[in-house]
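Chemist: Chains C and A supply the protein sequences, listed in that same order. Under this note's numbering, the first residue of the first sequence is numbered 1, with each subsequent residue one higher. Under this note's numbering, the first residue of the second sequence is numbered 230, with each subsequent residue one higher.
It cannot be assumed that every hint is accurate.
Below, computed lysine-lysine pairings styled on DSSO-like, alpha-carbon distance capped at 27 Å [stated by the list, open to error]:
hint, chain 1, residue 1, chain 2, residue 2
1, A, Lys255, A, Lys269
2, A, Lys301, C, Lys85
3, C, Lys221, C, Lys138
4, A, Lys269, C, Lys85
5, A, Lys269, A, Lys301
6, C, Lys156, A, Lys319
7, A, Lys269, A, Lys319
8, C, Lys85, A, Lys319
9, C, Lys156, C, Lys166
10, A, Lys319, A, Lys255
11, A, Lys301, C, Lys163
12, A, Lys301, A, Lys255
13, C, Lys156, A, Lys269
14, C, Lys138, C, Lys163
15, C, Lys62, C, Lys85
Looking from chain C toward chain A, a few residues come up when the C-beta cut is under 8 Å (computed) [said to hold, decoys possible]:
hint, residue
16, Ser13
17, Val115
18, Val116
19, Asp120
20, Thr157
Source of the hints: derived by calculation from the structure; they are not laboratory data. Fair warning: this is a prediction, and the values are worked out from it, not measured in the lab. Yeah, the Cβ is synthetic: ideal placement off N, Cα and C, and Gly gets one too.
The residues making up each chain are set out below.
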Amino acid sequence: MQPEDPQTIVEFSHERLEDLIQALAYAAIDDFDACMSLLREDGSDTFAWLEAGFNDFLGQLKIIKADLQGALARAEVSNRELEAKLETIERQQAAIRELSTPLIEVWSGVLCLPVVGIVDSQRSAEMTESLLEAIVNKQARIAIIDITGIDAMDTKTADHFIKMAKAVRLLGADCTLSGINPAIAQTLTHIGVDLTGVRTMRNLRDALQTFLREQSAINLKIHAGQAQG
Amino acid sequence: MTGSSDLLRPVKSMADPTASSAVERKFPVRAMGDVLIVRKRAQELGVQFGLGSRRATELAIAVSELATNIVKYGIHGEVILVTDPDGGQKGEIRVVARDVGPPIRNLELALQDGCDDTGPIDPALVLRRGGLGTGLGAVLRFADLFEYQPEENGKAIIVTFYR
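Whole structure, please, built from the sequences with the hints as guidance.
Modeler: What follows is the structure, encoded as structure tokens:
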């Protein structure tokens, strides 16, 4: 292009200026194809050079915008994946919590909570919560907490266990602790817990047998009462 | 990884009695699942190291309490189990529980049973907060040494169990 005299007046039609404004309006709403179709690129006059410049600029913008949208879509996808993973983790954590306090209704109205593994303060609190809830929901009369699988416990946690047994009584059910090993027995006596109101049995089998014996004795009495009446 | 380093240990100390025999095992702690893993490993390590099953369980409970605290209050962190640490006695297991969370505001209070670091916990809230407030107390009762260490970007609790 020849260097032009800065004093030269460039002439162009009003229509072309309007087209340019329209083109920019299209660009603003991301319709780059409609936008670029309005711009001349032939460089036939000075105004066409300006249009060509806009055209280049908008072409670049279109590419960048497409890249950005691609990246955004990918981020969205990975975000959804992460959310799904998080959800899985939360579900698994709930499952772990449930597995760590398996409450089994071994007999009608008899709940058994076998405790195995490592009992820390958090787990102990979770056990209390689920046991008390289950007693109410299942209308249990007896709760047997079997701690055969535990070989050590913090004194405060042991204390909490005894309190849990007493809370069971407050709900109108009887609580039996079974499977206390020598180390736990020492822990319990060491902290001087009051064991009144908490029945202890050597093992789960003894606890169940005692319940069944008592149950049949009650049934006999009811039977006898009905016969008399 | 741990298995091979355990095998290497005696050979190393025979060759050079002054060489470090410390073995470190690092566990990232971000969620409750990590707590389950590290406490299981702590118990196994305790038994393997000759702590006896009861003492190993006590170690595992302490590790569990410390790791649970990291998840609850420490944002995220790590638990490092070190056997025969440098500068320690022979037959020592050291537990380093490090996190990036805020410092313990009042250690003396936090160590008391039924308290967190701001004071006594309302018994009615015990169930909802998912803990008894006796975790650090349990760690203190079980461990032979207890050390709290504020760090530039977080804090560490270091406890030691003797064989």
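Chemist: Could you run down the list of hints and mark each one as holding or not?
Modeler: Quick rundown of the hints versus the structure:
{"no.": "1", "hint": "Lys255/A - Lys269/A", "result": "holds, 14 Å"}
{"no.": "2", "hint": "Lys301/A - Lys85/C", "result": "holds, 20 Å"}
{"no.": "3", "hint": "Lys221/C - Lys138/C", "result": "holds, 25 Å"}
{"no.": "4", "hint": "Lys269/A - Lys85/C", "result": "holds, 24 Å"}
{"no.": "5", "hint": "Lys269/A - Lys301/A", "result": "holds, 19 Å"}
{"no.": "6", "hint": "Lys156/C - Lys319/A", "result": "violated, 31 Å"}
{"no.": "7", "hint": "Lys269/A - Lys319/A", "result": "holds, 23 Å"}
{"no.": "8", "hint": "Lys85/C - Lys319/A", "result": "violated, 44 Å"}
{"no.": "9", "hint": "Lys156/C - Lys166/C", "result": "holds, 15 Å"}
{"no.": "10", "hint": "Lys319/A - Lys255/A", "result": "holds, 20 Å"}
{"no.": "11", "hint": "Lys301/A - Lys163/C", "result": "holds, 25 Å"}
{"no.": "12", "hint": "Lys301/A - Lys255/A", "result": "holds, 19 Å"}
{"no.": "13", "hint": "Lys156/C - Lys269/A", "result": "holds, 21 Å"}
{"no.": "14", "hint": "Lys138/C - Lys163/C", "result": "holds, 21 Å"}
{"no.": "15", "hint": "Lys62/C - Lys85/C", "result": "violated, 34 Å"}
{"no.": "16", "hint": "Ser13", "result": "violated, 66 Å"}
{"no.": "17", "hint": "Val115", "result": "violated, 13 Å"}
{"no.": "18", "hint": "Val116", "result": "violated, 11 Å"}
{"no.": "19", "hint": "Asp120", "result": "holds, 4 Å"}
{"no.": "20", "hint": "Thr157", "result": "holds, 7 Å"}
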